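Residue numbers (this note's numbering), protein chains in the order written: chain G, 1 to 49; chain L, 1001 to 1284.
Derived from the structure by calculation, the hints contain no laboratory data. Treat the numbers as computed from the prediction; the structure is a model and nothing was measured. Idealized CB from N, CA, C, for every residue including glycine. A couple of the hints might just be wrong.
[Unchecked claim] BS3-like mimics (lysine-lysine), calculated; alpha carbons at most 30 Å apart, straight line:
hint, chain 1, residue 1, chain 2, residue 2
1, G, K7, L, K1113
2, G, K7, L, K1036
3, G, K5, L, K1113
4, L, K1113, L, K1218
5, L, K1118, G, K7
[Unchecked claim] Coverage of chain L stretches by chain G, computed from C-beta distances (three or more under 8 Å per stretch; other residues unrestricted):
hint, segment
6, 1190-1204
7, 1225-1236
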Amino acid sequence: MVNNKTKLLIRTAGLITACAFIIYGFTRGEAGVVLNKAVNICLECIGLG
Amino acid sequence: MKINHAVRRKLLQFIAFGCSNAHLLNFKGGRIYTGKWKQFCNPGLNCYSCPAAGFACPIGALQAVNGSMQFSFSFYVTGMLLAFGILLGRAVCGWLCPFGLLQELIHKIPSPKRHLKKGFLYIKYVMLVVFVLILPVAVTDYMGTGKPAFCQYICPAGTLEGGLFLLAAHESLRNAVGALFSLKMAVLIVTLIGCIFFYRFFCRVLCPLGAIYGLCNKISIFHLEVDSHKCIGCGKCKEICKMEVDPVKAPDSAECIRCGACADACPTKAVCLGFSTKCGKTLP
Ligand code: SF4
Ligand code: SF4
């Protein structure tokens, strides 16, 4: 049971961290970098870059 | 009629494949989708240079932000990967990843099927650490921009889903083909041949995303359990597992893609798979 409790704790902390990371990354403009990369043909991906 | 995991999974895999690659008309003319949805990551591996792709590839996105001039660590992409990993673990691989489905279809080509040596399973962690995390940050140009090394030298999904279709459509791209493309084609050919003989060859040997989600299997909410009171030790679950996992001994194995084949095969229904805990204690 201790095992399950620890897991629950790690899951909760992990999900809170994940949400905080996403919000922080989004607000400092990382989503723009992702968008910019994804809407242009990535030469590295297709083997030319 | 009770629908088993195999049927449910195949259905969801095709739906996920369609949702990840909804822009089919872009194949005509060799364009790619350029809308706002591409700022969000797909849970599974799906090249954003594929004409049909509607979302960003998480591994490509991670390298792009980590190697950018402005940032050296992506909280945004790491957060998404952490969220997918904690919620689903490697069930993303088993149920949602488009490249995983492609590999399963290729494996249906009749041929002798082989077992994979355990040592090969560790290569994907090297891919993750060296090609995804270190090289894009450590090797930069005079502007401070790093290249996405995994995409550049390895990723067969990019070559297959993006490269081949875009090159077929644009002469200017075909004229730029060089040694790098030959290297990537070689990796693609090895991967495709590997997938014929070994179940999910790329997932097990090379995929850095599979490595991340595999590590999350230990704590993921979607999980697998074996009821020690119901298990009669017949070994049918281990026998049926194409990822070569023994779910009784290692229900949280990093290799388990939560496909549910073991749960379907168990004669006493001792193997449970899902978000909630239905089984009793797991065997030690
Ligand atoms: S290991 Fe990689 S390619 Fe395979 S299913 Fe998982 S994310 Fe997709
Ligand atoms: S242990 Fe079971 S759920 Fe996991 S990969 Fe093997 S058959 Fe699929």
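Comparing the hints with the structure gives:
no.: 1; hint: G:K7 - L:K1113; verdict: violated (37 Å)
no.: 2; hint: G:K7 - L:K1036; verdict: violated (36 Å)
no.: 3; hint: G:K5 - L:K1113; verdict: violated (41 Å)
no.: 4; hint: L:K1113 - L:K1218; verdict: holds (29 Å)
no.: 5; hint: L:K1118 - G:K7; verdict: holds (28 Å)
no.: 6; hint: 1190-1204; verdict: violated (count 0)
no.: 7; hint: 1225-1236; verdict: violated (count 0)
Violation of the numbered hints given earlier is confined to hints 1, 2, 3, 6 and 7; the remaining hints are satisfied by the structure.
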